[in-house]
Amino acid sequence: MVVKDLHKSFNDFKAVNGVTFSIEKGEIFGLLGPNGAGKTTTIRMLSTVLRPDSGEITIGGHSVQHKAETVRSIIGVCPQDLAIYEDLSAMDNMVFFGRMAGMKGKEAGEQAMANLKLMGLQDRTKGKVAKFSGGMKRRINLAIALMGNPQLLFLDEPTTGIDPQSRNHIYDNIERLQQEGMTILYTTHYMEEADRLCKRVAIMDGGQIISMDTPYNMKSQIGSPEQVTLEDVFLKLTGRSLRD
Amino acid sequence: MKRALYITLNEVRLYLQDKGDLAFSILLPIATFALMYGAFGGHTMFESTAVIVNEDGGNYSTLFIEQLDEIEGIDVELQTAAEAEARLERSDLLLALYVPAGFSETLASGGKAEMVFKQRGNGGQEGQILASIIRSVAEEMNKDFQVRDQVKSVLQGTGIPENRIDITVQQLLEEERRQPAVGVVEEVVGGSPDFINQFLPGIVTMYVLFALTIGARTIVEERKRGTLERLLTTRLSASGLFFGKFLSSVSRGFVQTLILLGLSYAVFQLFTPLSFLASLVICLVFAAAAAALGLIIASIARSEDGSVWIAVVFTMIMVMMGGTFFEVSEGSILETVGKFSISTYANEALRAVVAEGGSLGNTVRQLIVMAGVCVVGLVISRLTFRVLPGGK
Chain U
1 MVVKDLHKSF
11 NDFKAVNGVT
21 FSIEKGEIFG
31 LLGPNGAGKT
41 TTIRMLSTVL
51 RPDSGEITIG
61 GHSVQHKAET
71 VRSIIGVCPQ
81 DLAIYEDLSA
91 MDNMVFFGRM
101 AGMKGKEAGE
111 QAMANLKLMG
121 LQDRTKGKVA
131 KFSGGMKRRI
141 NLAIALMGNP
151 QLLFLDEPTT
161 GIDPQSRNHI
171 YDNIERLQQE
181 GMTILYTTHY
191 MEEADRLCKR
201 VAIMDGGQII
211 SMDTPYNMKS
221 QIGSPEQVTL
231 EDVFLKLTGR
241 SLRD
Chain X
1001 MKRALYITLN
1011 EVRLYLQDKG
1021 DLAFSILLPI
1031 ATFALMYGAF
1041 GGHTMFESTA
1051 VIVNEDGGNY
1061 STLFIEQLDE
1071 IEGIDVELQT
1081 AAEAEARLER
1091 SDLLLALYVP
1101 AGFSETLASG
1111 GKAEMVFKQR
1121 GNGGQEGQIL
1131 ASIIRSVAEE
1141 MNKDFQVRDQ
1151 VKSVLQGTGI
1161 PENRIDITVQ
1171 QLLEEERRQP
1181 AVGVVEEVVG
1191 GSPDFINQFL
1201 PGIVTMYVLF
1211 ALTIGARTIV
1221 EERKRGTLER
1231 LLTTRLSASG
1241 LFFGKFLSSV
1251 SRGFVQTLIL
1261 LGLSYAVFQL
1271 FTPLSFLASL
1281 VICLVFAAAA
1291 AALGLIIASI
1301 ARSEDGSVWI
1311 AVVFTMIMVM
1321 MGGTFFEVSE
1331 GSILETVGKF
1341 SISTYANEAL
1351 RAVVAEGGSL
1361 GNTVRQLIVM
1371 AGVCVVGLVI
1381 SRLTFRVLPG
1391 GK
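So the sequence lines, in the order shown, correspond to chains U and X.
In terms of my numbering, the first sequence opens at residue 1 and continues consecutively.
In terms of my numbering, the second sequence opens at residue 1001 and continues consecutively.
The reader is advised that the hints may include incorrect statements.
[To be verified] Calculated pairs, SDA-like style, for lysine to any residue (alpha carbon to alpha carbon, straight line, at most 20 angstroms):
| hint | chain 1 | residue 1 | chain 2 | residue 2 |
| --- | --- | --- | --- | --- |
| 1 | U | LYS67 | X | SER1239 |
| 2 | U | LYS128 | X | ASP1166 |
| 3 | X | LYS1118 | X | ASP1144 |
| 4 | U | LYS104 | X | LEU1005 |
| 5 | X | LYS1002 | U | SER220 |
| 6 | U | LYS104 | X | VAL1147 |
| 7 | U | LYS128 | X | GLY1020 |
| 8 | U | LYS104 | X | THR1008 |
| 9 | X | LYS1224 | X | ARG1302 |
| 10 | U | LYS4 | U | GLY18 |
| 11 | X | LYS1112 | X | ILE1071 |
| 12 | U | LYS14 | U | GLU24 |
| 13 | U | LYS131 | X | ASP1018 |
| 14 | U | LYS199 | U | SER220 |
| 15 | X | LYS1224 | X | VAL1308 |
| 16 | X | LYS1002 | U | ALA68 |
| 17 | X | LYS1112 | X | THR1032 |
| 18 | U | LYS104 | X | SER1237 |
| 19 | U | LYS137 | X | LEU1014 |
| 20 | U | LYS128 | X | LEU1016 |
| 21 | U | LYS104 | X | ALA1004 |
| 22 | U | LYS104 | U | GLN151 |
| 23 | U | LYS236 | U | GLN208 |
| 24 | U | LYS128 | X | ASP1018 |
| 25 | X | LYS1112 | X | VAL1147 |
[Claimed, not checked] Far from chain U by the CB rule (all over 12 angstroms, computed), these chain X residues:
| hint | residue |
| --- | --- |
| 26 | LEU1028 |
| 27 | ASP1069 |
| 28 | VAL1076 |
| 29 | LEU1088 |
| 30 | VAL1184 |
| 31 | ARG1235 |
| 32 | SER1251 |
| 33 | ARG1386 |
[To be verified] Label pairs and their calculated CB-CB ranges:
| hint | chain 1 | residue 1 | chain 2 | residue 2 | range |
| --- | --- | --- | --- | --- | --- |
| 34 | X | GLY1357 | U | GLU107 | 33 to 43 angstroms |
| 35 | X | SER1303 | U | LYS126 | 30 to 40 angstroms |
| 36 | X | GLU1126 | U | ALA130 | 55 to 65 angstroms |
| 37 | X | GLY1020 | U | ASN149 | 49 to 59 angstroms |
Simulated from the structure, these hints should not be mistaken for laboratory data.
Don't be surprised by glycine CBs; every beta carbon is placed ideally from N, CA and C.
Using the sequences and the hints given, assemble the complete structure.
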């Protein structure tokens, strides 16, 4: 994925202001930043939901602006907020989104079962999602993003508000997916997560990327990488003032 | 297109899961229908039971009772003299008809026979009406005897067998009853002769418009749930999503219509098979127009409450302007304003088919207007629809 000089404004507010970066195939790339930094707006543009005011985005060699449908056939999105039909069963949710990703009925059913198993939900396939715990819902949210075998996965804070067990289960799966060759763009507020999973990270603030490097190099810039955490780097770069 | 149909199917599945929604869209039309049936069901004409004491039991008394029983709204109850007397005594019965013994024999021998009304006081209002109906049947029978006697006296000595005269006279009298020389027809001024015919189209169109309220909510709900944004990162196009939602709204409106019209067909026998199909076509086009308008509301509304309120206000205005529950006088301001309501066209078309016995050919203008609203509504809603502000 190659992103060049991306801009997006809402009325007078510049949400994204000249963002440029690229992600290698098979890489987990972290996009970090405080609330309102422009991470979600950037992901929305990358995933074809929002149209950029200017700039270029290319995914797998296809322009997002001109070949949106082709791009949508190779991406998977796990949004920050749960985006599932709580009145339906886990299986029905999975099959439905599989169909939307262009899969046939039997194929969608098989992959749904495989993904539910991957997320440790194989015993709850028929249960209504509304009755699931927060962690289970998060895992379903992620499992849906995997329907259709995407080459590039957008994970927007996939571990928010869940217990350490579910979180670690998600980490393990992300690492497994990366080993299988999937490219992942990951946003999170948990710096240890980014440190553990991401090969490179970009820190955004005020709609711009203010730093981009490997977590190790970033930590090296302010001290010994063994003693300094990514959170220290983050706070140093973005400041300690509260954000809305 | 295939993915649009999956959206519709998913919507139907969600609809079946939502008990409140299901109750609103299916049980409410049935409840309304039950109320209509309670209020206007069966017949609005006079209904009564004629208590008859048949002490004769001969051919003519039996024929008389059969003729009385054939009258719509009149039930005949045969009782013994003792039973009738006892009921009259305790005011359980206000009027009973006695056919005395020898009634048939007297008539057969060419004599004059009599029946007797026994009543408490003046027999009550119902009794008086019943007595008047019984008298008219007796008069009819009397005329038959007079005609038969006159014909026999004219043909006396011609050698024609008496039973042949009887049969021929009987056939001629029946022919006369079917096509009387002097007939009376009913011409109703100021609307349909039947309340159901008058109100059913309005109730059907009102329910389809309520379906619009639910339809308007679906996209807003989808947006609130986060699935709208997610869906549009899949291979589903925005137009596909839109068309899927449109089809699901049409289906909901149509299912409600089907329930109401189906019950009206089964219970009130308001339709012929052809007029039933014509009504379904009209309702389908109307549901499509209403769904398209619902999508405009869904496109501009930013919250679930907002969409519901806009749709409810819109529905009520349409219902009022469309003359759903009252006749709109010709040349009135309301008639002019009503031209801007799609309910007007749906009501006109349904009344033409249900109340006036017309065919689809009589509703072409209304169908074209509704189809036009549907197309324009779809175009406007698609142009105004945004997943997110500034988005696609």
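Practice task
Verify the proposed pairing of LYS104 (chain U) with VAL1147 (chain X), using a straight-line Cα cut of 20 angstroms.
Solution key: Violated: LYS104 (chain U) and VAL1147 (chain X) sit about 83 angstroms apart, past 20 angstroms.
Problem - Proposed proximity, VAL1308 (chain X) with LYS1224 (chain X) (alpha carbon, max 20 angstroms) - result: Given that 20 angstroms is the threshold and the Cα spacing comes to 14 angstroms, the pair holds.
Handout entry: LYS104 (chain U) paired with SER1237 (chain X) [C-alpha distance capped at 20 angstroms]
Key = holds, 17 angstroms
Problem - Reported absence of ASP1069 (chain X) from the contact zone with chain U (all CB gaps over 12 angstroms) - result: holds, 57 angstroms
Practice task
Below or equal to 20 angstroms on CA atoms is what counts here, so check LYS14 (chain U) against GLU24 (chain U).
Solution key: Violated, at roughly 28 angstroms.
Exercise for the section: Take the C-alpha atoms of LYS128 (chain U) and ASP1018 (chain X), compute the straight-line distance between them, and say whether it is at most 20 angstroms. Expected result: Holds. LYS128 (chain U) to ASP1018 (chain X) sits at ~13 angstroms (cutoff 20 angstroms).
Handout entry: Assertion that VAL1184 (chain X) lies farther than 12 angstroms from chain U (Cβ)
Key = Label holds. Min Cβ-Cβ 61 angstroms, cutoff 12 angstroms.
Practice task
Measure nothing beyond the straight line between the CA atoms of LYS1118 (chain X) and ASP1144 (chain X); if it is 20 angstroms or shorter, mark the hint as holding.
Solution key: violated, 26 angstroms
Practice task
With 12 angstroms as the threshold, tell me whether SER1251 (chain X) passes as away from chain U on beta-carbon distances.
Solution key: holds, 17 angstroms
Exercise for the section: Could you check the hint for me, namely that GLY1020 (chain X) and ASN149 (chain U) are 49 to 59 angstroms apart, CB to CB? Expected result: violated, 38 angstroms
Exercise for the section: For the pair supplied as a hint, LYS4 (chain U) and GLY18 (chain U), confirm whether the alpha-carbon distance does not exceed 20 angstroms. Expected result: Between LYS4 (chain U) and GLY18 (chain U) the Cα gap is close to 8 angstroms, so the pair holds against 20 angstroms.
Problem - LYS1112 (chain X) paired with ILE1071 (chain X) [C-alpha distance capped at 20 angstroms] - result: violated, 25 angstroms
In this structure, the earlier hints numbered 2, 3, 5, 6, 11, 12, 17, 31, 33, 34 and 37 are contradicted, and the remaining ones agree with it.
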